[in-house]
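Below, each chain spelled out in residue letters.
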Amino acid sequence: MPLINPPGPDLGPSALSYVDAYNSIVSRVRRSGGSGSGGVVIFCGADVDGLMAARILVALFKQDDISYRLLPIGSYSELEVKRDQAFENDEIHTLILLSLGSLLPLSQYFTLPRKCHLHIIDAHRPWNLSNLYGLDLDMDDEDDEETGGGGRFWVWGDGEEASLDKVKKSWEALEYEPSDSGSDTEDDEEEEEEEDDEEEEDPEGDNSDAEGDSNAPGPSRKRPRTNSARPPKAKKRKPIDPDAPGRRLTRAARDAHHDRIQRYYEAGTSWGMSVAQCVYLLATVLERADNDLLWFAILGTTHQYISNRIAMSQYERYHELFLDEVVRLNHEVTPVGVGIGRTPNPDDRSIQRSEEMRFTLFRHWTLYEAMLHSSYVAGRLGIWKDRGKKKLQGLLAKMGFSLQQCTQAYPHMDTHLKRILPEKLEAVAPDYGLVDLQYPSFSRSFGFALSSLSAADAVEGFSALLEVAKGQRMEIEREGGRNGGEWFGGTRAWNIGGREAAGEDKENVNPNGGAGAGAGGAGADGRGKETQDGAKKEQNWQVTNFWIAWDACEDVALMRNSLLLAKSLHSAIIRQGSSILDKSSIRALRTFRFCALKEGPDLRLFSHPATLSRLALWLMDAARDRWAAKADKNKKGEKDLPFVVAALDEERGTWLVVGITGGMEFGNVRKNKFGLAFQQAAEESGAGAKHDMFETSVVEVAKDDLTAFVECLHLRSI
Amino acid sequence: MALPKHLQHGLTPDELTFLAEEEVISIVPSFSMTKIRVLSGVYGPFVPPSSTSVPLWMALSLKRKRKCRIVAPEWLQVERLQALLKEEKENQDGFNKLPRRFIETGKVLLDVAPDDLHLPAQLRSLLKDLREVRQAKIRLGLQSEGVMQGSYLQMNGLTPLELMELKPFLVKAMGVLQTLEPRKEERDGYGASQT
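Quick mapping for you: the protein sequence lines, in order, are chains A and B.
Under the working numbering, the first residue of the first sequence carries the number 284, and numbering increases by one thereafter.
Under the working numbering, the first residue of the second sequence carries the number 202, and numbering increases by one thereafter.
Hints are computed from structural coordinates only; laboratory data are not their basis.
Check before you lean on any hint, since a few could be wrong.
With the C-beta cut set under 10 angstroms, the calculated list includes, among others, these residues of chain A facing chain B [said to hold, decoys possible]:
1. 346
2. 347
3. 348
4. 371
5. 571
6. 632
7. 636
8. 638
9. 966
10. 967
11. 969
Heads up, the beta-carbon is just placed ideally off N, CA and C, and yes, glycines get one too.
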């Protein structure tokens, strides 16, 4: 499996880089004659990163006249279905996986037809080691020369794989060691590999059978733990250096290797370079980078930062790179003040550097609301209580902003207030414990339609579209309504203007007749498909949402509307979060904190993993200080317990459980060990659990099994 | 004719744009290629950074794929357009001679390649001004003697797009005016004073 590196000056001459992979795709397309669009198939994970990466890749393909098929995929079960469908088509010669599949043992999961190559670009870590270091030799493949005999699975790394040297040695040692079944042949590596491969199948098979999940056929096949060693037989142990070269490994050496690999997997999940950024690097090397592609890449990375997947230091490193690109592609670079927008210019599509504040969507909301809804501020000031709200008002007053101004929509605030906002915040906020309110980011203008959209806001918009564009009933505020007082404004149902619903629109039926004036007359057709089975509906909403978000990349009006949706989604999350904190329904168990959501007006929203994760993140940020204070008092030293949230999905009779590990400070990230923990807990408690999502820290548990599941989870030490 | 009624009068703006794309424009390619032979002729060789002349349709297609940079035609500059506008305003009696396809070419270049043009926003507004001045003159001309008598309209110097724009209306109007007029002419005979 060729592991290719990002293009860089320090690559050795034989090392493959992104360009080689891309050129191989292009040459295969040219060779196969372009007889249809079945040749190149792209599977894309349904998240913001995948969406952005797909956009960039598709732009490159279009410029090269490569026809492709793009399929958004939401879960493992969908992946299986789509994979089988794709392989039925004979013409397929390239399969590309974006933002999914890093933990799958690819050569077993995808039995590629002849001549088919697979490329995987994924930001989920850890990689399944057999993908990185395994060899997949296909004797028939005449393309072997171009990959240097490396095989058909191209793994697009982000340069960090070099640090996994030791793990690599262990894995190779275990993989290629002479077999134990008595034969003495150690010379031919290939033979050994084949034997080892065969023997590997069985432990994996045994593993999966032993899991015994009832709910889904999927989980057994995608246990990520590759037990690449046979179970150790009890023999005498000698302390030995595992790396010493030797013909045959002793038990101890094998154990040491095995441990190292286990430690690698058990360290938890983390995130590498965003997929969009990888593809953008490819575009730069091909010298086809332009503002649109750069913007998508920026959004991919900003999304990682905002959802707390990468730490501030890493984000800043990427930011520097992006800044160079922005300067290169946009010549009139005048840094934009935080508060002020640019004068609109119809042809302006440029990206500028801007300082972004940690208030969500503050440019499109009122300043007061934005501060109220941001997790950072909320935590420090304790917003959900009245006392906290008074504190916030005090803060604003101290800065010299009248409350009336702050409850105006942001674009209508006085310009001099907007100008002085950042400095005042710097000056006054530390008194309330709010530091570090700004971080560097970018903003883009879209002609007259939207004079300046910051990266963070765009990411919020896209996430909202991906989560709730269709399939949930959302209410959004009428624009400009609230300022007239209590009697004006109000809400209208969210409606994608002018779009035919895929039939599940019973939920989108607009109760207040002509309220959809702004959204346009989309016939909200009430023809719900009565025979929907839950799974089909789920797939449909993820796929539909993906395509809606896809359109929003180009369509500025849709982008603007999505911001409204994002606002109401945020409000819903905060409402739920505040009520949880108010009722103090978070229990601190020994190894983690736990909260179960059984009721509430917005409970339906939280049956989507992304929304639930956001809620968990918000709660974590908001309550971090309180917990730290409490822990100090009790001197138990459990400041940084991970956090598990469960939400009841009444329709399907399951609980959706999400686990996150927060950092000690705001902006710290740690590896998330819940993937493994959930699996083990599910095993031990015998709960009917489904690990269908690409994020391993999300699991669905059958309704009645939750307590057993949580107990088992509790008993393990994470 | 087999075309539907609303298409029988002439060409639509899309068709006119299609025809306008035959015009030759120069580009600076970002790839290298020898001369190529396509149905409409031989173009090339493409050697960056020197410029080549290709038809507009090819230039646009390459530009959309980011494979070239379009060199703005000589008349599509701010100062030149301002001068043309001034002359057009001063000439009350007729239409100035302008590049034949300036409207279509201008629109298409501003849509596909605004980054290769200098000050595209101003260009857009200047082009619009030019068009409106000429339209005003057309409107005035429609009230002239010749039209009122259903006999002729002076149209020197109009571009094909403006002609096509005018044609359906004018043909119908002239027809109506002619039916109103002929009795008078028969009575007074030809060469009588025009009233």
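The hints, checked one at a time:
| no. | hint | verdict |
| --- | --- | --- |
| 1 | 346 | holds (4 angstroms) |
| 2 | 347 | holds (8 angstroms) |
| 3 | 348 | holds (8 angstroms) |
| 4 | 371 | violated (32 angstroms) |
| 5 | 571 | holds (6 angstroms) |
| 6 | 632 | holds (9 angstroms) |
| 7 | 636 | violated (20 angstroms) |
| 8 | 638 | violated (27 angstroms) |
| 9 | 966 | violated (53 angstroms) |
| 10 | 967 | violated (56 angstroms) |
| 11 | 969 | violated (57 angstroms) |
Checked against the numbered hints listed earlier, the structure breaks hints 4, 7, 8, 9, 10, 11; every other hint is satisfied.
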